[in-house]
Amino acid sequence: MKKQLHKDTDLVKDNPEPAAPVKERKVSLWSLATTFTKIGMFTLGGGYAMIPLIDREVVQKRKWLETDEFYDILSIAQSSPGLLAVNISIFAGYRVRGNKGSIAATIGTCLPSFLIILAIAIFFAGYRDNVYVDKIFKGIRPVVVALIAVPVVNMIQKSRLNIWRALIAVGTAAAIIFLKVSPVYILLVFFACFFCVRYIKACGKKDSEKEGGV
Amino acid sequence: MIFLELFWTFFVIGIFSFGGGYAMLSLIQSKVVTEHAWITAEQFTDIVAISQATPGPVGINSATYIGYTVTHNMGYSEWGCIGGSALASLAVVLPSFIIVLTICRLYQKVKNSNLFASLMKELRPFVIGMIAAAAGILVTPQNFFHWSSLLLLAGAFISCKFFKANPIWVILAGGLIGLLIY
Numbered sequence: 097m098k099k100q101l102h103k104d105t106d107l108v109k110d111n112p113e114p115a116a117p118v119k120e121r122k123v124s125l126w127s128l129a130t131t132f133t134k135i136g137m138f139t140l141g142g143g144y145a146m147i148p149l150i151d152r153e154v155v156q157k158r159k160w161l162e163t164d165e166f167y168d169i170l171s172i173a174q175s176s177p178g179l180l181a182v183n184i185s186i187f188a189g190y191r192v193r194g195n196k197g198s199i200a201a202t203i204g205t206c207l208p209s210f211l212i213i214l215a216i217a218i219f220f221a222g223y224r225d226n227v228y229v230d231k232i233f234k235g236i237r238p239v240v241v242a243l244i245a246v247p248v249v250n251m252i253q254k255s256r257l258n259i260w261r262a263l264i265a266v267g268t269a270a271a272i273i274f275l276k277v278s279p280v281y282i283l284l285v286f287f288a289c290f291f292c293v294r295y296i297k298a299c300g301k302k303d304s305e306k307e308g309g310v
Numbered sequence: 002m003i004f005l006e007l008f009w010t011f012f013v014i015g016i017f018s019f020g021g022g023y024a025m026l027s028l029i030q031s032k033v034v035t036e037h038a039w040i041t042a043e044q045f046t047d048i049v050a051i052s053q054a055t056p057g058p059v060g061i062n063s064a065t066y067i068g069y070t071v072t073h074n075m076g077y078s079e080w081g082c083i084g085g086s087a088l089a090s091l092a093v094v095l096p097s098f099i100i101v102l103t104i105c106r107l108y109q110k111v112k113n114s115n116l117f118a119s120l121m122k123e124l125r126p127f128v129i130g131m132i133a134a135a136a137g138i139l140v141t142p143q144n145f146f147h148w149s150s151l152l153l154l155a156g157a158f159i160s161c162k163f164f165k166a167n168p169i170w171v172i173l174a175g176g177l178i179g180l181l182i183y
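The listed protein sequences derive, respectively, from chains U and R. Under the working numbering, the first residue of the first sequence is numbered 97, with each subsequent residue one higher. Under the working numbering, the first residue of the second sequence is numbered 2, with each subsequent residue one higher.
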């Protein structure tokens with residue numbers, strides 16, 4: 097653990113903002129885990145609902161993170177693969193107590209939902225064919241489609257896609273729905289194109305710099 | 002064998018889950034429903050409904066539920082099923098754990114590079130398409146077996162989009178209506 101703390105303080109040294117006082121207070125792994133259990137327990141409807149809760153518990157109340165630091169973490173957590181809620185807890189846990197901290201925070205976040213869903217799965221295994229359960233879910237299924245459609249419409253409105261990007265979105269959806277293409281392959285092709293274009297652009301820049309220099 | 006397959010499937014889902022829980026849905030669907038046929042489209046819809054109405058990220062919820070259901074369908078003992086659901090949940094978190102911890106270590110560098118920001122920006126249309134696909138695949142004759150299903154869809158959409166209704170109440174209302182009219 098000592099080693100880890102040294103690494104942490106090294107990180108802080110690199111940081112121009114004076115975040116050191118927060119790090120010097122040693123937070124116990126137990127309190128990290130229980131705090132994130134609390135956060136995980138009250139996160140209904142996905143990761144985004146979690147943000148104000150984490151802000152209140154971790155930043156305002158316990159002062160484990162600075163506000164700026166929290167927003168940095170948030171933007172990186174959003175662009176990393178994986179679930180936002182889990183990514184934030186990994187990040188926050190790491191900033192507070194290193195590797196062990198990130199494990200404690202992640203277990204804390206996941207445990208309540210794991211236990212609740214496990215209980216429901218066990219219950220449903222027995223009631224799958226119950227007439228009333230069947231009726232209830234017949235009513236719920238169309239609602240689920242609507243609940244997934246709402247963020248799609250919101251994202252389209254917010255991101256104001258141009259015609260090419262709109263075509264990409266429609267093409268992606270059509271490929272998955274009708275051609276049954278796995279999103280994995282679509283993402284792989286995307287990454288390949290993205291990094292190729294970046295590489296070519298970077299090469300182009302170097303060339304033009306050379307020409308300019310000569 | 003099934004445990005190894007469960008682990009690998011959800012590990013891959015974890016690696017490619019860019020764009021949050023909703024974008025992950027079409028990934029889970031294509032792996033679990035289309036590719037492996039471990040559960041049906043209706044069962045998947047039910048899992049999404051349950052995930053929406055219970056605390057926690059949708060991705061982990063579905064991993065937990067699918068891990069249990071798949072092993073249960075194959076006739077494993079109760080503890081085997083619990084092991085399956087724990088394994089699937091762990092597998093879906095593990096990739097982001099490795100990736101995010103690496104990013105943590107390079108925090109200062111990542112903070113100042115625009116790579117991630119531009120990656121996310123370019124990824125946006127794909128994410129929208131993936132979420133739209135997650136909704137589209139669920140439009141099956143089984144899920145919309147009656148004309149009233151369309152009314153439920155429209156009602157839920159309007160109340161969430163324009164009246165900012167809480168999804169939990171919308172799901173509960175849908176269940177209550179189903180219980181009364183079907």
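Everything labelled a hint here was simulated from the structure, so no lab data went into it. Each hint should be verified, as a subset may be incorrect.
[To be verified] To give an idea of the chain U side of the interface with chain R (calculated C-beta under 7 Å), a few residues:
| id | residue |
| --- | --- |
| 1 | 216 |
| 2 | 240 |
| 3 | 281 |
| 4 | 283 |
| 5 | 288 |
All C-beta atoms in this analysis are idealised placements derived from N, C-alpha and C, irrespective of residue type, glycine included.
Now for the hints, and whether the structure bears them out:
1. Below 7 Å, beta-carbon pairs count as interface contacts, and residue 216/U has one with chain R at about 6 Å; its hint therefore holds.
2. Below 7 Å, beta-carbon pairs count as interface contacts, and residue 240/U has one with chain R at about 5 Å; its hint therefore holds.
3. Given hint, residue 281/U at the interface with chain R, is violated; its Cβ is 10 Å from that chain's nearest Cβ, farther than 7 Å.
4. With a least beta-carbon distance of about 5 Å to chain R, the hint placing residue 283/U at the interface is held under the 7 Å criterion.
5. Of the supplied interface hints, the one on residue 288/U is violated, with its beta-carbon coming no nearer than about 12 Å to a beta-carbon of chain R, more than 7 Å.
When the structure is compared with the earlier hints, violations turn up for hints 3, 5 and for no others.
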